[in-house]
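Mind the numbering: the sequence shown is residues -29 to -1, 1 to 935 in mature numbering (1 follows the signal peptide of the UniProt record, and there is no 0), read in order.
Don't read these hints as lab results, they were simulated from the structure.
Predicted model only: the values in this text are computed from it and were never measured.
Positions of the beta carbon are idealized from the N, C-alpha and C atoms, including for glycine.
It is possible that part of the hints are untrue.
Derived pair list, reagent style PhoX-like, types lysine-lysine, alpha-carbon separation capped at 25 angstroms [said to hold, decoys possible]:
1. LYS55 / LYS21
2. LYS122 / LYS21
3. LYS815 / LYS774
4. LYS800 / LYS743
The calculated label-pair distances, taken between Cβ atoms and stated as ranges, are [what the hints assert, rightly or not]:
5. ASP554 / ASP611: 16 to 22 angstroms
6. ALA784 / ASP611: 36 to 42 angstroms
7. GLN817 / ARG434: 44 to 50 angstroms
8. ALA446 / LEU189: 55 to 61 angstroms
9. ASN895 / LYS792: 24 to 30 angstroms
10. THR530 / LYS774: 54 to 60 angstroms
11. PRO518 / ALA418: 40 to 46 angstroms
12. THR490 / ASP120: 44 to 50 angstroms
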Amino acid sequence: MSRTPRVIACVAAAAVFAAALPATVPSLAATASAAENKSFQRVATYPVYKNVPAGVSASAPTVAEISAVSEDGKTLIYTDALGKRIGFLDISDPADPVGAGTLSLATLGNIDDQPTSVAVVGRYVLVVVDTSKSFTDPSGRLDVVRISDAKRVRSIDLGGQPDSIALSADKGVAAIAIENQRDEDFTPADAAKGDLPQAPAGFLQLLSLEGAPADWSLRRVDLTADDGSALPSFTAAGIVEPTDPEPEYVSINGDGLVALTLQENNGIVLVDSETAAITDVFSAGSVDLTGIDAKKDGIIRPTDSLAGVRREPDSVVWIDDEHLATANEGDWKGGSRGWTVFDKAGTVVWDAGNSFERLAIRHGVYNDDRAAKKGAEPEGLAVAEYDGTTYAFVGSERSNVVAVYDMTDPAAPAFTQLLPATNGPEGLLPIPSRGLFAVSSETDDAAVNVRATVGIYEWKPGRATYPTIVSDDDASGAPIGWQALGALSGDPTDASTLWSAADTVIKSGTLFQIDVSKTPARVTRSVPITDGGSAVALDVEGVFARPQGGFWLASEGATGDKNVLVRADDAGAVQERIALPADVSSKIKNWGLEGVTATTDAGGEHVWFVIQRPLWSDLATLEDFEGDDVVRIGRYDVSDASFHWYGYRLQSPLRGSGDWVGLSEITAVDDHTFAVIERDKLNGPAARTKRIYTVTVPYQDGRVSDPTTAPLPILEKRLAIDVLPALRATDGWTQEKLEGFTIAADGRLYGVTDNDGLKDATGETVFLKLGKATDAFADALATTTSLRLDRATAPYGAKVAAKITVSGAQNGAVEIREGAKVIAKGAAKNGVATVTLPALSVGKHQLVAQFAGGPRAGASRSVATSLTVTKAASRTTVKAAKTSVKRNAAVALTVTVTGANHTPTGSVRFVAGGKVIATAVLKNGKATAPVTFSRTGVTSVTAVYSGSAQTTGSTSGSVRITVR
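Construct all of the structure, not just a fragment, from the sequences and the given hints.
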């Protein structure tokens, strides 16, 4: 075969896709600095049930398992094994994929035919099809389908059951793994159930793609001897069962060397695609794992060890011509929970060890149900080049994420980011020619609204929006295990700290401390809830950090009487348990306590909580007790241990969809106003109700009071925040469980979704920043400010006291303004501030007091208040240095002008005999002038102050001077 320069190969779980960029596509090469400013950002999530054929129910099983893309990068083709078809998706606009129809394999063969992989060559998509009637009679074919009209132009018998397909860089050869997979329910002679060997043995097919499809031809590469015995090279390499190789995945490097994994046999085979000769066989080996979570016990704690774990590689991809990587999902006897880089001689140059699993733990997506098996189960693997940098993509089948690594040095992969996906991400498809990356997910269960999707990610400038929250390491250096954050509370003293808790996904009740000063938010500490010194199992659905210290917790419990309020101290030790009254708990099925908050007023401390769904008189039939869609908000008064109840009417659920609507949180806005989360049971495109409403309870004489209506007063609710747009803005699968909401000490709002421990959920946690309390709850937190002066008229310089009263707030900064100018500042304490005004100019002033607002108090201004400033009175006196002087001799006259509360400015005149004999300018209220007299006798001199803009004029008494 001809050889071409290397083009990165991309394995899409059960398929390998490699494409040389068309000549018309511009190079994506860029400087390293440009790449450093980019990330893969999710732009769309397309549910493939939207692309089923007419007449097929949207709830029918349908998946997107493996994907390939047309050479222009605009048409994505995916396999749908459950639907027995392939689908076409128009991704011309990656942010708005459009279903472009499907091709049923039943029209091309048998109704049970299933596609296992796809690859694109020019105008055609190669569809690998499993047509096997049984495990002992495996068969398959390759259909060549024209992309433009979905017409098959040729079908090629593969001679066995195919799994995956890979293309050479020049698209001259396709390699097809013929697995002939084992029957897990069959027991071979002298072996265990599902064990090997199980004939017939698998092999490799090499398809020459030279010329038109009609000219393409197959070459079979057997992996056993002609008589079915083991090849010596397989035996020498330590292949587990060399007579039954069961090849899984393939990849071809730039030199035409095929890498083929034998997953159950824990081996890798290298084949020269030109000569069809096996050039090497080596074992994938084993690894000693430490610092992992290997127990399915409801505790995410990576402290376990496993020795000698076989890697059992699933997908394989060449990183370059000298290095290949495997995703070590494992099958039946192994699975090393990571991925490995080998050189082509079979030497391990790098292994993920526990790091892949720990990524899942750190991001809150570790599936503890798989802990005793294969952990995060790395399965899909792809490699591609973006902006001159080679990246590896490793998919976690059970954690629903794809990890991205910089592979500049194949011996030292550098983790760069984690991409969220929907359930069972199988096909990983780089589309570097358009700066895109696609993930097709195979898990589909319409009954719980978990649907298979194709996710589209764009390589573009900016920071990725996922994750929104991660955990730090604990004191031992292991990531803090967290999940199912179904509650939130602000720390009363630290605006950057929140508290959350896990429900029963974490077996023992646990509080989590969250630092929101960073992006993403960080889980910095876990606090176990204990009782009598031992860990206690609580279903914590609500948490409130008390200003008095410690926490209030709402534990839902599996049945009505297990719903309890719990008071714990700062260390998480239970101090008190409070059961609900029996007449209420007996009417709760399994949707009980959710949120909790507390207030303290003149009546003492009150603990508020919500019951998620209505009370029912008959728990078997869910017969209403208090009316359709009415739930309860409860109040527990600590002082007398009494319960009080309020009603809340929910939006009706979407009928016939498995939907229900309930309350998931309660947060105190002020002493008598509360925010509650009202949400539906729906997720994905069907989600419609994810809202925060406020309710106000009766309040008088500085304390909450009981309602006066009976039997259960229904509180009026007001919409504060529709959170659904923020959840949709992630461009992912819209999360169902908006369950946590709080107001931090600085008044900022936060929300969080409960990932349900990946049970019937994607596992993605969305941590939300929802603005400020004073904006969302403007009505409840509104204040009024008034200004009162101790006088309406005052002479210039007189002290004027201003009293500022702020209702609806206790403390905060205030200022007095005249127009845009701030003329005085103060601080309100207990809603009152007294400020002394500075000297204002003579005239009429319009003054406004302004309250700056606070974390839970809106800003406000008073109406304008008038102050008239009049001129201040003055008093002028004059003195002579001498009262007897010689004629024509100079004598100094000094004038002093005083004013009330100020020092006058301006000029004075000295007058004698009706004539001005001298003038002078006041300095610090005084002025001196020398005068002479030409006539003898007694002369009377007075000083006349002419006044100023602030001061009235005045005339002194006379001073008599004898002139000799």
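So, going through the hints one by one against the coordinates:
The hinted pair formed by LYS55 and LYS21 meets the criterion: a straight-line CA distance of about 16 angstroms does not exceed 25 angstroms. The straight-line distance between the Cα atoms of LYS122 and LYS21 is roughly 22 angstroms, inside the 25 angstroms bound, and the hint therefore holds. Distance hint between LYS815 and LYS774 is fulfilled; the C-alpha atoms sit about 19 angstroms from each other, no more than 25 angstroms. The straight-line distance between the Cα atoms of LYS800 and LYS743 is roughly 23 angstroms, inside the 25 angstroms bound, and the hint therefore holds.
Taking the beta carbon of each, ASP554 and ASP611 are about 18 angstroms apart, inside 16 to 22 angstroms as hinted. Range check, ALA784 to ASP611: about 39 angstroms between beta-carbon atoms, so the 36 to 42 angstroms window is met. For the hinted restraint 44 to 50 angstroms between GLN817 and ARG434, the CB-CB distance of approximately 48 angstroms keeps it satisfied. Checked against the hint of 55 to 61 angstroms, the C-beta distance between ALA446 and LEU189 comes to roughly 59 angstroms, which is consistent with it.
Remark: the range hint 24 to 30 angstroms for ASN895 to LYS792 is upheld by a beta-carbon distance near 28 angstroms. For THR530 paired with LYS774, a C-beta distance near 58 angstroms keeps the hint of 54 to 60 angstroms intact. Between PRO518 and ALA418 the C-beta distance comes to about 45 angstroms, which sits within the given range of 40 to 46 angstroms. Our hint of 44 to 50 angstroms for THR490 and ASP120 holds, since their Cβ atoms are close to 48 angstroms apart.
This entry satisfies every hint, going by the numbered hints stated previously.
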